[in-house]
Each structure stands twice: as structure tokens, then as C-alpha cells.
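Work out the full structure, taking the sequences as your base and the hints as a guide.
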Amino acid sequence: MESLLLQVFNGLINGAFFALLSLGLAVIFGMLRVVNFMHGALYMLGAFATYLLGTSAGVSFWWALLLAPLAVAALGIVLERLFLRRLYDVDPLYNLLLTFGLTLVLQDTMRLRFGIQGVPYGAPPLLKGAVVWGNLLFPTYRLFVLGFSVMICLLTWWVIERTRVGMIIRAATENPGLTRALGIDVDRWVPPVFGFGVALAALAGVLAAPMRNVSPLMGADLIVTTFAIVVIGGLGSILGSVITGFLVGVIVALGAVYYPPVSNTLVFVLMAIILLLRPAGLFGSLE
Amino acid sequence: MTVRRIGWVALGGLVLLLPRLVYEGLALDILTWALFATSVDILLGHTGLLSFGHAAFFGAGAYASGLLALRGGVPYPVNAVAGALVAGALSVPLLYLAVRRRGIYFAMITLAFAQMIYYIINEWRSLTGGENGVQGVPRVLVGGLDLSNLTLFYYVTVPLVVLGIWMCWRIVHSPFGRVLMAIRENEVRARSLGYPVDRYKLLSAVLSCTLSGFAGGMYVIAHRFVALETVHWITSGTVVMMVLLGGMETTLGPAVGAALVLFLRDILSTWTDAWGVATGAIFVAVILVFRQGIVGTLQRLIQSRLHPAPQSAPRRPDEATPVSR
Numbered sequence: 001m002e003s004l005l006l007q008v009f010n011g012l013i014n015g016a017f018f019a020l021l022s023l024g025l026a027v028i029f030g031m032l033r034v035v036n037f038m039h040g041a042l043y044m045l046g047a048f049a050t051y052l053l054g055t056s057a058g059v060s061f062w063w064a065l066l067l068a069p070l071a072v073a074a075l076g077i078v079l080e081r082l083f084l085r086r087l088y089d090v091d092p093l094y095n096l097l098l099t100f101g102l103t104l105v106l107q108d109t110m111r112l113r114f115g116i117q118g119v120p121y122g123a124p125p126l127l128k129g130a131v132v133w134g135n136l137l138f139p140t141y142r143l144f145v146l147g148f149s150v151m152i153c154l155l156t157w158w159v160i161e162r163t164r165v166g167m168i169i170r171a172a173t174e175n176p177g178l179t180r181a182l183g184i185d186v187d188r189w190v191p192p193v194f195g196f197g198v199a200l201a202a203l204a205g206v207l208a209a210p211m212r213n214v215s216p217l218m219g220a221d222l223i224v225t226t227f228a229i230v231v232i233g234g235l236g237s238i239l240g241s242v243i244t245g246f247l248v249g250v251i252v253a254l255g256a257v258y259y260p261p262v263s264n265t266l267v268f269v270l271m272a273i274i275l276l277l278r279p280a281g282l283f284g285s286l287e
Numbered sequence: 001m002t003v004r005r006i007g008w009v010a011l012g013g014l015v016l017l018l019p020r021l022v023y024e025g026l027a028l029d030i031l032t033w034a035l036f037a038t039s040v041d042i043l044l045g046h047t048g049l050l051s052f053g054h055a056a057f058f059g060a061g062a063y064a065s066g067l068l069a070l071r072g073g074v075p076y077p078v079n080a081v082a083g084a085l086v087a088g089a090l091s092v093p094l095l096y097l098a099v100r101r102r103g104i105y106f107a108m109i110t111l112a113f114a115q116m117i118y119y120i121i122n123e124w125r126s127l128t129g130g131e132n133g134v135q136g137v138p139r140v141l142v143g144g145l146d147l148s149n150l151t152l153f154y155y156v157t158v159p160l161v162v163l164g165i166w167m168c169w170r171i172v173h174s175p176f177g178r179v180l181m182a183i184r185e186n187e188v189r190a191r192s193l194g195y196p197v198d199r200y201k202l203l204s205a206v207l208s209c210t211l212s213g214f215a216g217g218m219y220v221i222a223h224r225f226v227a228l229e230t231v232h233w234i235t236s237g238t239v240v241m242m243v244l245l246g247g248m249e250t251t252l253g254p255a256v257g258a259a260l261v262l263f264l265r266d267i268l269s270t271w272t273d274a275w276g277v278a279t280g281a282i283f284v285a286v287i288l289v290f291r292q293g294i295v296g297t298l299q300r301l302i303q304s305r306l307h308p309a310p311q312s313a314p315r316r317p318d319e320a321t322p323v324s325r
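Respectively, the protein sequence lines represent chains D and P.
So in the working numbering, the last one in the first sequence is 287, and the numbering has no gaps at all.
So in the working numbering, the last one in the second sequence is 325, and the numbering has no gaps at all.
No wet-lab data here; the hints were simulated from the structure.
Every residue gets a Cβ at the ideal spot worked out from N, C-alpha and C, and that includes glycine.
One thing to keep in mind: the hints can contain errors.
Residues on chain P that point at chain D, a partial pick, calculated with CB under 10 Å [stated by the list, open to error]:
no., residue
1, A107
2, W124
3, Y200
4, L202
Now the stretches of chain D that chain P is said to cover, found in silico as 3 or more residues with beta-carbon under 8 Å [stated by the list, open to error]:
no., region
5, 80–87
6, 268–279
Some chain D residues flagged as far from chain P (calculated, every beta-carbon gap over 12 Å) [as the list claims (entries may be wrong)]:
no., residue
7, L93
8, V132
9, L146
10, R162
11, A228
12, P261
So this is what it looks like as C-alpha cells:
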């Protein structure tokens with residue numbers, strides 16, 4: 001029973017990363033109709049930015065939590081203005097391929113600079129140690145990751161569903177032409193929305209830095225898992241992508257208890273089942 | 001048409017002389033990847049479906065052929081054909097699920113399933129050797145002829161690759177291929193004309209995956225080993241890049257793209273190890289400014305030279321401009 005509870009906890013931690021990443025993908029997809037293959041590489045850059053800020057400028061983890069996503073988002077906006085923008089009029093598959101090419105460049109650049117092994121990054125002193133609850137030991141840092149990512153997801157949901165800015169974004173997602181006719185400059189909102197989605201990926205990277213090894217390929221496999229989660233949940237709904245992220249995290253962690261070798265493949269089996277039973281995804285509608 | 005005949009003779013001469021122009025290993029890679037890229041184009045160019053998971057089927061063909069040759073003593077090219085069948089069989093359930101979604105989702109689903117195959121190959125160490133891959137694959141022809149001489153192996157492989165590329169050509173230039181084109185251009189209309197669209201897509205995908213597996217089978221026998229990286233999504237992306245660079249929906253474009261990418265990689269690798277940066281940059285450049293590809297652009301140029309478009313009335317401003325796919 002206790003080990004089961006611990007697995008659920010670990011699943012929620014993994015789910016927190018899935019949720020942040022698929023939320024960013026959903027935000028970008030909604031506004032730009034682009035599936036951002038770079039998302040895993042940007043997550044990796046978020047972790048490296050945290051490391052670099054810490055080692056070269058002495059910036060603490062807490063400031064990195066703010067500065068690293070801003071820095072990576074700025075890079076994302078530059079890439080969007082330079083490259084992605086040129087392909088909005090052709091099939092969205094071209095932007096998937098474009099971001100694939102950019103992924104190779106980003107990953108390989110970091111490999112040439114830091115090597116394939118990567119670099120270590122310690123948790124901030126305040127979050128070292130663990131919280132004891134009965135016989136269970138919860139590492140403080142992981143509790144923080146869980147709480148912080150839930151907060152960010154809720155905040156994003158609130159901004160999009162409850163504020164004026166969010167209203168504009170939703171309108172532009174639903175019907176760009178009509179939104180323009182109402183006097184709203186839709187194109188002006190594309191870079192900041194893309195930047196925001198990128199910042200979510202980078203934020204996941206910052207949170208991952210003290211937990212996982214900071215390495216050039218840390219996002220390479222994660223992006224494919226995230227794609228599977230997006231297929232399971234459907235890209236249409238903000239809340240849906242968050243719930244699916246956590247749900248898949250927990251299911252995969254529980255599956256690994258019974259038969260460890262499947263821990264990597266379970267999410268894809270899940271995707272196959274969803275495609276069989278509900279092709280549109282849990283929260284999606286068929287395109 | 002004599003020009004065309006001269007072109008084919010020149011191409012045939014080039015293929016036969018290739019092991020003299022570059023070293024045999026590279027010549028063989030160009031052959032096998034040419035077939036791989038051409039088979040991907042059945043789906044990408046002619047059916048309009050971007051598969052981001054063909055590494056799995058190329059890899060499945062390679063692993064199956066390699067293991068059959070190593071453990072079962074199955075000679076070449078029977079092992080490569082068996083590898084193709086394994087890849088084809090594997091693709092049936094996976095692509096059956098994938099064709100349930102379209103466009104960008106199809107790409108993500110194929111990518112995800114390919115990653116699943118990658119993990120399975122990695123975990124199933126007793127069969128696949130995990131991260132070490134399959135090594136020491138024998139290279140023996142039917143009848144027991146030793147093929148350890150790479151030049152000899154090259155000339156045995158040429159007719160097989162030609163056969164494979166001819167099959168790709170035959171598939172897309174058949175009544176079946178016309179239906180695929182109809183689906184690509186207007187899926188709803190094809191459906192309302194009574195074509196079982198999903199079944200056509202599935203068959204197109206299975207044929208494409210089978211031929212990719214055939215290419216993988218020849219690849220493993222040529223190298224005498226297969227590594228886990230062969231199945232990684234970078235392979236899937238690379239082959240798509242070859243198709244785009246050479247020109248989608250052209251007969252020889254994918255082969256030209258494969259040859260060019262492999263040749264460039266060979267040159268680059270002698271003075272830099274930043275292959276990923278180079279590949280990615282080429283990819284970005286091709287997609288931004290050169291989506292027609294080399295052969296596509298050439299064909300258009302020749303077309304306009306031979307049959308200049310008649311002086312047409314200026315386009316009316318309200319006329320919709322066709323958007324390239």
C-alpha cells in the first residue's frame with residue numbers, strides 16, 4: 001500500500017513535467033496551428049540556462065525560475081520571427097519539419113559545447129531534505145515541483161479563460177478572420193503567445209535541472225512521449241492537456257510497479273488504446 | 001525520345017561506376033537509402049501523409065534480416081525479403097491505428113509508435129542485443145557464395161534496389177496510385193465517390209513500410225551490423241529531409257536527395273563533427289526556400305523551356321492562388 005502511494009506520488013511528479021510541456025504545446029498549437037517539435041529542445045535549453053546563470057553569473061535557483069524561461073522565450077520569439085512566420089500560409093506539416101530541423105541544430109550545438117554527458121546542478125538549500133509522513137519519505141524538492149507546476153497550470157488556465165487577454169487569444173484561436181474584423185490585430189499576438197508556450201517548456205526545464213541530469217539530449221525522448229500524451233488528450237483543450245499529463249504520469253508509474261520493463265512503452269500502448277476507442281482523444285474533437 | 005534514353009543510359013552508367021567514384025561503403029549506403037527514401041515518398045508525396053516513424057520499419061527490416069542471417073543462416077537476399085515482410089507485418093496494426101487521424105496527428109502518432117518500437121528493441125536484449133545492436137552478420141549469397149567482397153556485394157544489390165524503386169514507381173503509377181492521388185488532393189471527395197479512403201491509406205502505408213524494410217534488410221547485410229540508433233527518430237527525420245531535398249512526387253527525386261545527403265555527410269565528417277548542426281541547417285533551408293526539391297525544380301524548368309506557357313490574360317485579382325501543399 002505504501003509503495004503504491006509512493007508510486008502515485010512519483011507518477012504525479014512525472015505528470016507535472018508532462019502537463020507543463022503539453023500545456024505549452026496546446027497554447028502554441030491553438031494560436032499558431034504549429035506543432036512545435038522544438039519543445040523538447042527548449043525544455044533542455046531551460047535547464048542549461050539555469051545551469052549557466054548559476055555558474056557564470058551566480059544567479060540562484062529562485063531567480064533562474066524567472067530569468068531562464070524569459071531568456072529561452074526571447075530566443076523562441078526570435079526563431080518564430082525569423083523562420084516559423086514564413087510558413088503560416090502553407091501546410092502546418094512544414095512547420096513541424098522546420099522545428100525538427102531547428103531541434104537538430106539546438107541539440108547539436110549544446111552537445112558541441114557541453115558534451116553528451118551533461119552537467120550536474122544541485123537543488124537549492126531551502127529545498128534539500130525530505131518531508132516525513134508516517135513511514136513515507138517525500139523529497140522536499142519534488143513536493144515543490146508538484147505544487148509549483150500545479151500553480152502554473154492553474155494560472156495559465158485562469159489567464160486564458162478568465163482575462164481579457166485570454167479572451168482575445170481564444171477568439172483568435174476560434175476564428176482569426178472574424179477576430180480581425182472586430183478590430184483586433186491578431187498577428188500582433190502571435191509572438192507573445194508563442195513566447196509564452198516556449199516559456200512553459202523552459203520552466204519545466206528549470207524544474208528538471210536539479211532532479212534530472214542536465215544534458216543536450218534530455219528533451220529528445222521526452223518530446224515524443226509528450227506527443228503521445230497530446231494525441232491521448234487532444235490538442236483542443238487547455239485543461240484537458242493538463243489533466244491528461246498528470247493522468248498519464250500516474251498510470252505509467254503504476255504500470256511500472258507490476259512490470260518494470262514496460263515503463264517506457266506504456267504511454268504508447270495507452271495511445272493505441274485511445275486511438276482504437278476514441279480516435280479524437282479524451283478531450284478533443286476530430287479535426 | 002532520345003534525350004530521355006541518353007539520360008537513362010547516363011544514370012545506369014553512374015550507378016555501375018559509383019563504387020569507383022566513391023568508396024564501396026558509401027556507394028552501398030546511397031543505394032539502400034535511395035530505396036528507403038523512394039518508399040517513404042509513396043506515403044509522403046503521393047498519398048500526402050507525413051510519416052515521422054519510418055525508422056521503425058527500416059529498423060525492423062534491418063533487425064529481422066540481420067538476426068535471420070546471424071542465427072538462422074538465411075542467405076542473401078532471402079533474408080532481406082524476409083525483413084521486408086516482417087516490417088510490413090509490423091506496420092499493419094500500427095498504421096491501422098495511425099490512419100484514423102489525419103495531418104499533423106498522423107505525423108505525431110507514427111513518431112510515437114516508432115519510439116515504442118525503439119524502446120522495445122532496446123529492452124528486448126536477449127534478441128536484439130539492446131544498445132550493442134546486432135553484430136557479426138554473415139554476408140552469404142543463396143547457393144553459399146561468399147559475398148565478403150563489398151564490390152561484388154554492390155553489384156548483387158544493384159538489381160534488387162532497381163527492382164524496389166521500380167515497384168515504388170509501379171505502385172504510384174497504377175489505378176491504385178491514382179486513387180491515392182485523389183485522396184491527397186481531396187479526401188472528402190474521394191470518400192464521397194465511394195472509395196474506402198482509410199483502407200487505401202493503410203495499404204499505401206503498408207506497401208511503403210514493406211519496401212522500407214527491404215531497404216533496411218540490404219542495409220544490415222551491407223554493414224554486417226545494425227545499431228540501435230538506426231531506429232531513432234533522427235533516422236525518420238533524415239529520410240524525410242532526403243525526399244524533400246530531392247523533390248517529393250518525382251520518380252528519382254528521393255534517390256537524388258539520399259545520394260546528396262549521404263555524400264555531403266561523408267565530406268563534412270572529414271573536417272567537422274557538427275553533423276547535427278549541418279543537417280538541421282540544410283533541413284531548415286530546404287523547407288524555407290526549396291520545397292520543390294532538386295528534381296522538382298529541374299522538371300519545372302525543363303517543362304517551361306519545352307512547353308512555354310501561352311501568353312495568358314493577366315490573372316484576375318479575385319482568382320485564388322493555389323497554395324503549395
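Evaluation of the provided hints:
This hint holds: P/A107 has a C-beta 6 Å from the nearest C-beta of chain D, less than the 10 Å allowed. Evaluation of the P/W124 hint against chain D yields a held restraint, the C-beta minimum of about 9 Å falling below 10 Å. Below 10 Å, beta-carbon pairs count as interface contacts, and P/Y200 has none with chain D, the closest being about 18 Å; its hint is therefore violated. Interface restraint check for P/L202: the shortest CB-CB distance to chain D comes to about 13 Å, outside 10 Å, so the restraint is violated.
Remark: the region 80–87 of chain D is confirmed as covered by chain P, as 3 of its residues place a Cβ nearer than 8 Å to a Cβ of that chain, reaching the required three. By the rule of at least three residues with a Cβ nearer than 8 Å to a Cβ of chain P, the coverage given for the region 268–279 of chain D holds, with 7 such residues. Non-interface status of D/L93 relative to chain P is broken: a Cβ of that chain comes within 12 Å, the nearest being about 5 Å off. Distance check on D/V132: its Cβ is at least 35 Å (rounded) from any Cβ of chain P, clearing the 12 Å threshold; non-interface status holds.
With a least beta-carbon separation of about 26 Å from chain P, D/L146 lies farther than 12 Å from that chain, consistent with its non-interface assignment. Every C-beta of chain P lies more than 12 Å from that of D/R162, the closest at about 29 Å, which supports listing it as non-interface. D/A228, annotated as away from the interface, has a beta carbon of chain P within 12 Å; the closest lies near 4 Å. In this structure D/P261 is not separated from chain P by more than 12 Å, as the shortest Cβ-Cβ distance comes to only about 5 Å.
Comparing the model with each numbered hint stated earlier shows that hints 3, 4, 7, 11 and 12 do not hold.
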